[in-house]
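J.: Each chain, letter by letter, is given below.
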Amino acid sequence: MKIRDIALIGILSATITAGKLALSFIPNVEIVTLLFIVYTIVFGYKKVLLVSLVFTTTEVFIYGFSTWFLVYYMIWPLLIIITESMKKKVKSEYGYATIGAIFGYSFGAFFAVVESFFYGVAYGWTYWVRGILFDLLHGTSNFIIILVLFKPIIDILTRLKKSYYRNKN
Amino acid sequence: MNKKFKVILSILIVTLLVFVGYKAFLSPKGVEGAKAVTIRVINENEDVNKTFEYNTDHEFLLELLEEKQEELGITFEKYDFGTMVIGMLDYVADPNKQEYFHISINGEDALTGPGEIPLTDEDVYVFELKNY
Numbered sequence: 001m002k003i004r005d006i007a008l009i010g011i012l013s014a015t016i017t018a019g020k021l022a023l024s025f026i027p028n029v030e031i032v033t034l035l036f037i038v039y040t041i042v043f044g045y046k047k048v049l050l051v052s053l054v055f056t057t058t059e060v061f062i063y064g065f066s067t068w069f070l071v072y073y074m075i076w077p078l079l080i081i082i083t084e085s086m087k088k089k090v091k092s093e094y095g096y097a098t099i100g101a102i103f104g105y106s107f108g109a110f111f112a113v114v115e116s117f118f119y120g121v122a123y124g125w126t127y128w129v130r131g132i133l134f135d136l137l138h139g140t141s142n143f144i145i146i147l148v149l150f151k152p153i154i155d156i157l158t159r160l161k162k163s164y165y166r167n168k169n
Numbered sequence: 001m002n003k004k005f006k007v008i009l010s011i012l013i014v015t016l017l018v019f020v021g022y023k024a025f026l027s028p029k030g031v032e033g034a035k036a037v038t039i040r041v042i043n044e045n046e047d048v049n050k051t052f053e054y055n056t057d058h059e060f061l062l063e064l065l066e067e068k069q070e071e072l073g074i075t076f077e078k079y080d081f082g083t084m085v086i087g088m089l090d091y092v093a094d095p096n097k098q099e100y101f102h103i104s105i106n107g108e109d110a111l112t113g114p115g116e117i118p119l120t121d122e123d124v125y126v127f128e129l130k131n132y
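Sequence order for the protein chains is A and B.
The first sequence: position 71 = 71 (the working numbering), numbered continuously.
The second sequence: position 124 = 124 (the working numbering), numbered continuously.
Hints are not guaranteed to be accurate.
[Claimed, not checked] Cβ pair distances, simulated, as ranges:
no. : chain 1 : residue 1 : chain 2 : residue 2 : range
1   : A       : Arg166    : B       : Leu17     : 37 to 43 Å
2   : A       : Val148    : B       : Tyr22     : 23 to 29 Å
3   : A       : Val54     : B       : Asp47     : 50 to 56 Å
4   : A       : Tyr94     : B       : Tyr132    : 27 to 33 Å
5   : B       : Glu70     : A       : Phe69     : 38 to 44 Å
6   : B       : Phe25     : A       : Val60     : 43 to 49 Å
Derived from the structure by calculation, the hints contain no laboratory data.
Keep in mind that this is a model prediction, so the values were computed, not measured.
Glycine included, C-beta positions come from ideal geometry on N, C-alpha and C.
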């Protein structure tokens, strides 16, 4: 890995953290999913898996330890791997908006399964049912955000990537 | 009409329908009408074990607690996900000592906050100071 790649991973991680904090006043509306998807398409899964590691670790520093960080270490890499495996087949923003929507709708269920291991099935079930409306908002907002912003961000990032790796002085 | 706009409009309508369905079938429902309920506060640190009986028309526990806030010396804390009871009978749980007020309904642990606990006739709601 080159110094240029390490710097890029730092910058991408910072943009995701900043993007999350900027929208944190609206529950479950975020651009983290969109950014992980577009970063994976433009920069490849290897770098973005490291970005997810830095992002989750930064989140732990901001919000402290709890069971959620275990899910974060799994769920973002999962999204990256899904995106990587789909990127040759899926070309349209509709496909990625659908992936983002499914990801958002199932976000709470994924947490509920992990919480069940710590606090029991009853707690996990209650956790999921109580969060259904938040998951609904999460999935739908992901769909709309990705549908609207996917193409413009891909275009900008592709151009920036070319100039970033062209100037190798 | 733009295709993307149509798709966004469609998903918003579907989301709204699911929201209405959730509210109608899955969310906890209160019981209308008069109910006789008991609230018990246990705080072994302060040697407190008091029982209060109320007749109420409220549908959820939080509504009753808000009405009786002064009498029960309740301290609330509001979060994005709902309201928590952090103090009872003028004693506020100390997070540095890992204290919290544990809620149980007829001996069963509550799985939600007071905002989602429906009031049912003859139910007993216990607030006990515990350590996590």
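J.: If a hint holds in the structure, say so; if it does not, say that too.
T.: Checked hints:
1. A:Arg166 - B:Leu17: 37 to 43 Å: Cβ of Arg166 of chain A to Cβ of Leu17 of chain B: about 50 Å, so the range 37 to 43 Å is violated.
2. A:Val148 - B:Tyr22: 23 to 29 Å: Distance hint for Val148 of chain A, Tyr22 of chain B holds at roughly 26 Å.
3. A:Val54 - B:Asp47: 50 to 56 Å: 51 Å, holds
4. A:Tyr94 - B:Tyr132: 27 to 33 Å: 46 Å, violated
5. B:Glu70 - A:Phe69: 38 to 44 Å: 40 Å, holds
6. B:Phe25 - A:Val60: 43 to 49 Å: For Val60 of chain A against Phe25 of chain B, whose Cβ atoms are near 37 Å apart, the range 43 to 49 Å is violated.
Violated hints, listed in ascending order, are 1, 4 and 6; each of the other numbered hints is respected by the structure.
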